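Heads up: the first sequence runs through residues -4 to 486, numbered per the working numbering.
In case anyone wonders, no lab produced these hints; they're calculated from the structure. Do not rely on the hints blindly, as some may be mistaken.
Derived lysine-lysine pairs resembling DSSO-like cross-links, with alpha carbons at most 27 angstroms apart [what the hints assert, rightly or not]:
(1) 477 <-> 28
(2) 59 <-> 327
(3) 153 <-> 97
(4) 377 <-> 433
(5) 399 <-> 420
(6) 89 <-> 183
(7) 323 <-> 385
(8) 377 <-> 420
(9) 261 <-> 312
(10) 433 <-> 365
(11) 229 <-> 183
Since this is a predicted model, take the numbers as computed values, not measurements.
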Amino acid sequence: MSDDIRVRIAPSPSGNLHIGTARTALFNYLYAKKMNGTFVLRIEDTDAERTKQEYIDNIFDSLKALGLNWDEGPDVGGEYGPYTQSERFDIYPKYAQMLLDKGYAYECWCTNEELEQEKEEAVKNKQAYVYSRKCLNITKEQREQYIKEGRKPAIRFKVEHKELVFNDMVKGELKFDTSLIGDFVIMKSNGTPTYNFAVVIDDMLMKISHIIRGEDHISNTPKQILIYEALGAKVPEFGHLGMILAPDRSKLSKRHGATAVSDFVKEGYLTDALINFVALLGWAPSDGQEIKTVDEIAQDFRIHEISSSNSIFEYDKLNWMNGQYIKKMDIKKLTDMIIPFLSKYDLSELSREKLERMVLITREPLTVLKDIEDDVPYFFGKNVPLDEVKELLSSELSKNVLTKFLELVNGWETDGNGDFTDEEKIHNDLADLRADFKEKFGYKPKETMWAIRAAITGRTRGADMVGILMILGKDKVLLRTKNAQKITLGV
RNA sequence: AGCGGUAUCGUCUAGUGGUUAGGACGGGAGAUUCUCAUUCUCCAAACAGGGGUUCAAUUCCCCUUACCGCCGCCA
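Please work from the sequences and hints to get the whole structure.
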């Protein structure tokens, strides 16, 4: 593992892992993988009020489920810990003091009210607000006075006025006039660091070499670079990713549906599909093959080729992709994943083997695992409601088909459990039946099958008919056929 | 308001100083299958606008427009 390339994802546990954060994590992970570097997870839980343990757990679980495993982090440790920001509170004041001593920072005794006033003034004059530097050169006496009043100072970084340029890995050259920034707070009056200060100290101490994050951080970057420089530290490389937007071009938020990875999983999206889809937002495979594992993507990944524009999160393509993964997934794994979505059925009715077969023949139309719930009721229970197919079953055609079908069923062999044993015969008999009735009565093959399907499932659409018969077994098939015949025969 | 960013089919994107501007999702048409769905084939669909530079701009430069982000003692 190369020691020079170190990237990180630093989520703040004030909510479940957001899909946007997941994408940022992915690009960091990909870069680390591709460059043989180290991927670090740091939890930025400075905001005690919004931080919850359940969110921390959710972040861990989601990242793991997505396959974005970290090399260093709160749980696995590492050389540069602790990796939880709240456990690092004692280290920030030291660096703040260092900046104070060197004259890169100064105490600010302004009250919120004073600051508020400055801002209002600026708004009134249609000026961009920059701190007045009123506390830059206060006298010893004033300071004593403030202390006596019980005021606690914040520490502000003294921003040097200059043109600051850096080369962003995805955006290219970015220029800023730092005189527009204003001296910003690095330590709050309550003794805790601000975000901009804490990230720099943490990234510096954790030897993060490349910072890949959302473009909402672009305007933080000059501030952070200034701090690195004042500290005499090596400035890392930056890469700013475009944002993920909702279809209405606003920020992806709860009102658009799922935003957390775990929400998507609850709806039945596969994490493999999710991460694959999200990779395609900004990145394109060189071979045109879009369905790829994270490891395959990593091989093909070049950070400079990431699109620098925002991209819209379109469910259509995600749905398609999820369907692709569902169709290709190992059937045992898929069955395991689907079981939670079948809670309204009594799964003990089916053996594991039958359950897997049911999944096998019902997986095709699924876009999301949750969809299966409505597609499988007829695999459970003895009988099925026929209300939806009453009309269809009332036809002469159905009568003829079911009469013949019943005859066939009675001829099919079963084992001790009442399950059919000769699948091939069933398959062939049904094929013959279709051919036969087509010839004799001119029934279309699908019409013949509709009658049988209606009788057995109560529906006109569904899974492979032979498979259904194999799963249900003779007793249920007989029962349901006879039941349907009450309609066809007008009993 | 200021500062920064972005601009190729509806969406995600490929691509180039000279191309029939390519693919994927979605849409439309058709074929296959016992239905639905799959799968396959075909079709429609884009270089935001205006100036330059150039023999030639979708591509390079500038402006406009639109959209996004940031302007906290939040992260």
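Status of the hints after comparison with the structure:
Using a Cα cut-off of 27 angstroms, the hinted pair residue 477 and residue 28 is violated, with the two alpha carbons roughly 62 angstroms apart. For the hint pairing residue 59 with residue 327, the CA-to-CA distance comes to about 21 angstroms; that is within 27 angstroms, so the pair holds. With a C-alpha separation of about 11 angstroms, the suggested pair residue 153 and residue 97 falls inside the 27 angstroms cut-off, and the hint holds. Between residue 377 and residue 433 the CA atoms are separated by roughly 31 angstroms; this puts the pair beyond 27 angstroms, and the hint is violated.
A C-alpha spacing of about 15 angstroms is found between residue 399 and residue 420, which places the hinted pair at or below 27 angstroms, so the restraint holds. Note on residue 89 and residue 183: the hinted pairing holds, with a Cα-Cα distance of about 14 angstroms set against a maximum of 27 angstroms. Under the criterion of a C-alpha separation no larger than 27 angstroms, the hint pairing residue 323 with residue 385 is inconsistent with the structure, at around 36 angstroms. Distance hint between residue 377 and residue 420 is fulfilled; the C-alpha atoms sit about 24 angstroms from each other, no more than 27 angstroms.
A C-alpha spacing of about 18 angstroms is found between residue 261 and residue 312, which places the hinted pair at or below 27 angstroms, so the restraint holds. For the hint pairing residue 433 with residue 365, the CA-to-CA distance comes to about 38 angstroms; that exceeds 27 angstroms, so the pair is violated. For the proposed pair residue 229 and residue 183, the alpha carbon gap of about 25 angstroms is at most 27 angstroms, so the pair holds.
In the structure shown, a violation is registered for the earlier hints numbered 1, 4, 7, 10, in ascending order.
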